[in-house]
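Colleague: Read off the chains here:
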Amino acid sequence: MAVMKLLISLLTLGLTISCTTNVQVEGSVPTPLVAKIPANVAVYYDENFKTFVHTEELDTEGTWNINLGEKNLEFFRNLSNAMFSSVTEVDSPELTPEQQVQFDGLIIPTIDEYGFLTPKIGVLPFYSVSIRYQVLVLGKQNQRVAKYEVVGYGKSEGNSFTAGDAVGDATMLAIRDGGQQIAVELRHQPAIIEWLKQRNLD
Amino acid sequence: MLSVAKVYKAQLQVILMTMLLMGCASARIQQSRTATTGMTTEESLVILSRTSYNERETEESFTDCLSDALSGGRTPIRLMSEAEFKDQLYPWFEPRTAPDSSDDLARLFAQPGVQQRIDENNVRYIAWIDGDTITTDRGGSFSCTVSTVGGGCFGVTYWEEDASYEAAIWDLQNLTTAGEISADASGTSYIAGLVLPIPIMARPGNAACKALALQLKEFLQAEG
Chain R
1 MAVMKLLISL LTLGLTISCT TNVQVEGSVP TPLVAKIPAN VAVYYDENFK TFVHTEELDT
61 EGTWNINLGE KNLEFFRNLS NAMFSSVTEV DSPELTPEQQ VQFDGLIIPT IDEYGFLTPK
121 IGVLPFYSVS IRYQVLVLGK QNQRVAKYEV VGYGKSEGNS FTAGDAVGDA TMLAIRDGGQ
181 QIAVELRHQP AIIEWLKQRN LD
Chain H
1 MLSVAKVYKA QLQVILMTML LMGCASARIQ QSRTATTGMT TEESLVILSR TSYNERETEE
61 SFTDCLSDAL SGGRTPIRLM SEAEFKDQLY PWFEPRTAPD SSDDLARLFA QPGVQQRIDE
121 NNVRYIAWID GDTITTDRGG SFSCTVSTVG GGCFGVTYWE EDASYEAAIW DLQNLTTAGE
181 ISADASGTSY IAGLVLPIPI MARPGNAACK ALALQLKEFL QAEG
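Going line by line, the protein sequences match chains R and H. Everything in the first sequence is counted per the working numbering, starting at 1 for the first residue and increasing by one. Everything in the second sequence is counted per the working numbering, starting at 1 for the first residue and increasing by one.
Simulated from the structure, these hints should not be mistaken for lab results. One should not assume that every hint holds.
[Claimed, not checked] List of simulated lysine-lysine pairs, DSS-like, C-alpha gap at most 30 Å:
#1 R:K50 x R:K147
#2 R:K50 x R:K140
#3 R:K50 x R:K36
#4 R:K71 x R:K36
#5 R:K140 x R:K36
#6 R:K120 x R:K36
#7 H:K86 x H:K210
#8 R:K197 x R:K120
#9 R:K147 x H:K86
#10 H:K86 x R:K36
#11 R:K50 x H:K86
#12 H:K210 x R:K71
[Claimed, not checked] Here are the computed distance ranges between Cβ atoms for each label pair:
#13 R:N159 x H:R78: 53 to 59 Å
#14 H:T34 x R:G122: 35 to 41 Å
#15 R:T60 x H:T75: 49 to 55 Å
#16 R:T51 x H:G140: 37 to 43 Å
#17 R:T60 x H:R50: 27 to 33 Å
#18 H:R50 x R:G122: 19 to 25 Å
[To be verified] Heads up, incomplete: computed chain H residues facing chain R, CB under 7 Å, no partners named:
#19 M39
#20 E42
#21 E43
#22 Y90
#23 P91
#24 P112
#25 G113
#26 D119
The beta carbon of each residue, even a glycine, is placed where N, CA and C say it ideally should be.
If we strip away everything but chain R, and leave its shape as in the complex, we get (with noise of 0.2 Å):
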């Protein structure tokens, strides 16, 4: 009896575990090759941001768990880093009187909506994955300079055995899609152009 419980209790969990597909976002993370923007900012990560990780239960797929913080993070690091003539991170939302006489700015990145589709349920015969980016420009005083939103495309082939590392690929791909908008298009809006001018930064 003890044996027959011990092969349900395995059925069982085996079963789970088929069901649900674990994704760990993993790939490169490049220093883009862009002019700094003269200007000595701040940067905060939300928790949500920093571990970030999209769940979801597909009627034909099982449950699906994409875990792209940590790379998403590192990713904006690199990115920030390079963008800026200096970066600081902080672990508050508004600057405090005494950073506002340190930094010209703070730059809060998060991300609104992750999504994904599969061979199954999308048009194309590929897995992609669309990640939609807010960058939030706040001056000195906490002001609202500008709201920038971009959304990351990555797409990926692969098949029902090699899924989650399509995924994970589709995801890589759209966290560089959207990091190389913000790299190259940040600085020519009008808002943050302004912004610099006030600044005497441009």
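Keeping the supplied structure of chain R fixed, place chain H upon it in accordance with the hints.
Modeller: Positioned in the frame of chain R, the structure of chain H alone reads:
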């Protein structure tokens, strides 16, 4: 009885030979040259596939096949991997920022650090690969069964594939397009069920890859 078996055997051999011949794929190559080429053993080539957000895209297996064929053989070409190149030049060769034509190279090289990275890695040429393999026709009937007294496969199924690829070669030293090479191949693959399934694969994508690699090597290594 023996003669009937011999006739069946001969017929089977004829069918298999016919299918084997039809299963082959041969490639057609076209080349246009717009500038002189040539590369030293220290200089490298990067194979890049065009990324689009639609259904059609060059398969990773095709660029892998091309890289293997170019970096092997008697006269190997020094290659820098696509991933390493894109990392080194991030964010300028991502899907949204990659130059559309060699006319954009001058603008790209004006970006800080780009020229230096290209020089450090000794990248002389980029080959942009575009194209894919599609199934144009399929038919036949094929099934396999298993029962308590045994099993087997019966019938014939076939599918016809068309592979069409193009390489646009950019010279990063002269910031120009050096030329274009296209490779097309088609072939019909079969699976015949004679108790055991017998696959006869045409692999036109592989034929196009080998032909394109050979032509690309000649194009880049021959001074002309």
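Colleague: For every hint, state whether the structure bears it out.
Modeller: Now the hints, each set against the structure:
1. This hinted pair checks out: K50 (chain R) and K147 (chain R) have alpha carbons roughly 20 Å apart, not beyond 30 Å.
2. Straight-line distance between C-alpha atoms of K50 (chain R) and K140 (chain R) comes to about 24 Å, which keeps the hinted pair within the 30 Å bound.
3. Only pairs whose Cα atoms come within 30 Å are accepted, and K50 (chain R) paired with K36 (chain R) is accepted, the gap being roughly 24 Å.
4. Taking the CA atoms of K71 (chain R) and K36 (chain R), the gap is near 23 Å; set against the 30 Å cutoff, the hint holds.
5. For the given pair, K140 (chain R) sits about 19 Å from K36 (chain R) by alpha-carbon distance, which is consistent with the 30 Å threshold.
6. For the proposed pair K120 (chain R) and K36 (chain R), the alpha carbon gap of about 43 Å is over 30 Å, so the pair is violated.
7. Restraint check: the Cα-Cα separation between K86 (chain H) and K210 (chain H) comes to about 25 Å, which is no more than 30 Å; the hinted pair holds.
8. Proximity of K197 (chain R) to K120 (chain R) is assessed by CA-CA distance (about 50 Å); at most 30 Å being required, the pair is judged violated.
9. For the given pair, K147 (chain R) sits about 29 Å from K86 (chain H) by alpha-carbon distance, which is consistent with the 30 Å threshold.
10. Among the hinted pairs, K86 (chain H) with K36 (chain R) is consistent with the structure: their alpha-carbon atoms are about 20 Å apart, no more than 30 Å.
11. Distance restraint check for K50 (chain R) and K86 (chain H): the Cα-Cα separation of roughly 26 Å lies within the 30 Å cut-off, and the hinted pair is therefore satisfied.
12. Between K210 (chain H) and K71 (chain R) the alpha-carbon distance is near 38 Å, which puts this suggested pair outside the 30 Å criterion.
13. Against the hinted window of 53 to 59 Å, the Cβ-Cβ separation of N159 (chain R) and R78 (chain H) comes to about 33 Å, which falls outside the hint.
14. Evaluation of the 35 to 41 Å hint for T34 (chain H) and G122 (chain R) yields a pass: the beta carbon distance comes to about 40 Å.
15. A C-beta distance of roughly 50 Å is found between T60 (chain R) and T75 (chain H), which places it inside the suggested range of 49 to 55 Å.
16. Roughly 53 Å separates the CB atoms of T51 (chain R) and G140 (chain H), a value that falls outside the hinted 37 to 43 Å.
17. Checked against the given bound of 27 to 33 Å, the beta carbons of T60 (chain R) and R50 (chain H), roughly 31 Å apart, stay inside it.
18. Take R50 (chain H) and G122 (chain R): their Cβ atoms lie about 21 Å apart, and the range 19 to 25 Å holds.
19. A hinted interface residue such as M39 (chain H) counts as satisfied when its beta carbon comes closer than 7 Å to some beta carbon of chain R; here the least separation is about 24 Å, so the hint is violated.
20. For E42 (chain H), the shortest C-beta to C-beta distance to chain R is roughly 23 Å, which exceeds 7 Å, and the interface hint is violated.
21. Given the 7 Å rule on beta carbons, the hint for E43 (chain H) is violated: about 21 Å separates it from the nearest Cβ of chain R.
22. A cut of 7 Å between beta carbons decides the hint on Y90 (chain H): the least distance to chain R is about 4 Å, and the hint holds.
23. Interface hint status for P91 (chain H): upheld, as the beta-carbon distance to the closest one in chain R is roughly 4 Å, under 7 Å.
24. Checking P112 (chain H) against chain R by beta carbon gives a least distance of about 5 Å; that is within 7 Å, so the hint holds.
25. Residue-level restraint check for G113 (chain H) holds (minimum Cβ-Cβ distance to chain R is 4 Å; threshold 7 Å).
26. Proximity of D119 (chain H) to chain R is violated relative to the hint, the smallest CB-CB distance being about 13 Å (cut-off 7 Å).
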